[in-house]
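Protein chains: 2
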Amino acid sequence: MARWEPNARERLERAALTLFAERGYDATTVPEIADRAGLTKSTFFRHFADKREVVFGKQDMLADRFSDAIRAAAPSATVGACLAAALESAAPGFTPDRHDLAVQRRAVIAAHSELQERELLKGARLSSAVADALQARGVDDTTAQLAAALGVLAFSTAFVRWATPGNQQPYTEIAHAALNDLRAAAAALAADTVIRA
Amino acid sequence: MARWEPNARERLERAALTLFAERGYDATTVPEIADRAGLTKSTFFRHFADKREVVFGKQDMLADRFSDAIRAAAPSATVGACLAAALESAAPGFTPDRHDLAVQRRAVIAAHSELQERELLKGARLSSAVADALQARGVDDTTAQLAAALGVLAFSTAFVRWATPGNQQPYTEIAHAALNDLRAAAAALAADTVIRA
Chain A
24 MARWEPNARE
34 RLERAALTLF
44 AERGYDATTV
54 PEIADRAGLT
64 KSTFFRHFAD
74 KREVVFGKQD
84 MLADRFSDAI
94 RAAAPSATVG
104 ACLAAALESA
114 APGFTPDRHD
124 LAVQRRAVIA
134 AHSELQEREL
144 LKGARLSSAV
154 ADALQARGVD
164 DTTAQLAAAL
174 GVLAFSTAFV
184 RWATPGNQQP
194 YTEIAHAALN
204 DLRAAAAALA
214 ADTVIRA
Chain B
24 MARWEPNARE
34 RLERAALTLF
44 AERGYDATTV
54 PEIADRAGLT
64 KSTFFRHFAD
74 KREVVFGKQD
84 MLADRFSDAI
94 RAAAPSATVG
104 ACLAAALESA
114 APGFTPDRHD
124 LAVQRRAVIA
134 AHSELQEREL
144 LKGARLSSAV
154 ADALQARGVD
164 DTTAQLAAAL
174 GVLAFSTAFV
184 RWATPGNQQP
194 YTEIAHAALN
204 DLRAAAAALA
214 ADTVIRA
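Those sequence lines, one after another, are chains A and B. Counted from 1, the first sequence has number 48 at position 25 by my numbering; the numbering is strictly sequential. Counted from 1, the second sequence has number 107 at position 84 by my numbering; the numbering is strictly sequential.
The set of hints was computed from the structure by calculation and includes no laboratory data. Just so you know, nobody snuck in bad clues.
Because identical chains cannot be distinguished in the list, a pair is counted as satisfied if it fits within a single copy or across any two copies.
Straight-line alpha carbon distances no greater than 27 Å define the calculated DSSO-like cross-link-like pairs of lysine-lysine that follow: (1) 81 <-> 145; (2) 81 <-> 64; (3) 64 <-> 74; (4) 145 <-> 74.
Full structure from sequences and hints, please.
In structure tokens:
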């Protein structure tokens, strides 16, 4: 019988990421993850389709969150304001209690080339989703695509900075700073004044 | 005995892309490609590791070409000039006699989700290569990453425009126009004036 297990999803996530770090991603099985979490295999499969979804499940939701935030922005919102709203929409995933999970997740991906490919691919899909949402607001194709690339860069920079061991700065602050840095870089590229740092 | 076959690589490429269009990518085998080209299977394998390399072989060379062009640019070259040099370095692959192959290649990729993923991944890797080459010149990380994203967008836009049935405009002209459009978009994003088109 299926029972309600408190925090089952997060317990499975913690168990999985710990095992991936200890034994490697490929060598870890779903029964081992469930066992480490003190749960059953069927509880695992109520929360995740497979072990890859433990690593990328949250990221799969990002494209929808970003798109929804851009669609929900005021009609007078600039593209910059839309990107800021998109980045802010990810904040619920970056609470202090998830910091150690994010640090582990980064290490697991860094150690596995197939997961790195998957991460790159998710970034590319996130960029398409942002570009589509901007175009739906009437932003021209070229600007929408560059803005999407800039927004995804801001997000990945913010994620890496936030998920650094010892970081205490809130995600939203880091994300806004990353967006501002990239807007400054866009100005420099537009003026074409950059030779070196 | 291995014999020298005139234009074997291009004959195999044409045969492969035609068969992919006719039968689908998955249903086409290497012996069929060799047969259609009037060549042997072993000639195929002297030119390509597998059928996927027929689709992506040229693209694998791009990261090196782009990096080399950026490294070879004058020490006083701006980032914009480095990106222009990178885009120009791809020109030998975009001659009028290769136009129909490029059109077919686009159609084959558009019809196959795994090839689309591979194409996205190649784009992400190309972007990393450009960012690394710019950083090696002393460009700061943020500017290098945004410039790389802008350069790869310019390249993919230029490729799509060039490989459109009926296009007669030379690749280099299209690439420069795409780069200029994106620089204008960067200015608009930096000023954050864009609400809609």
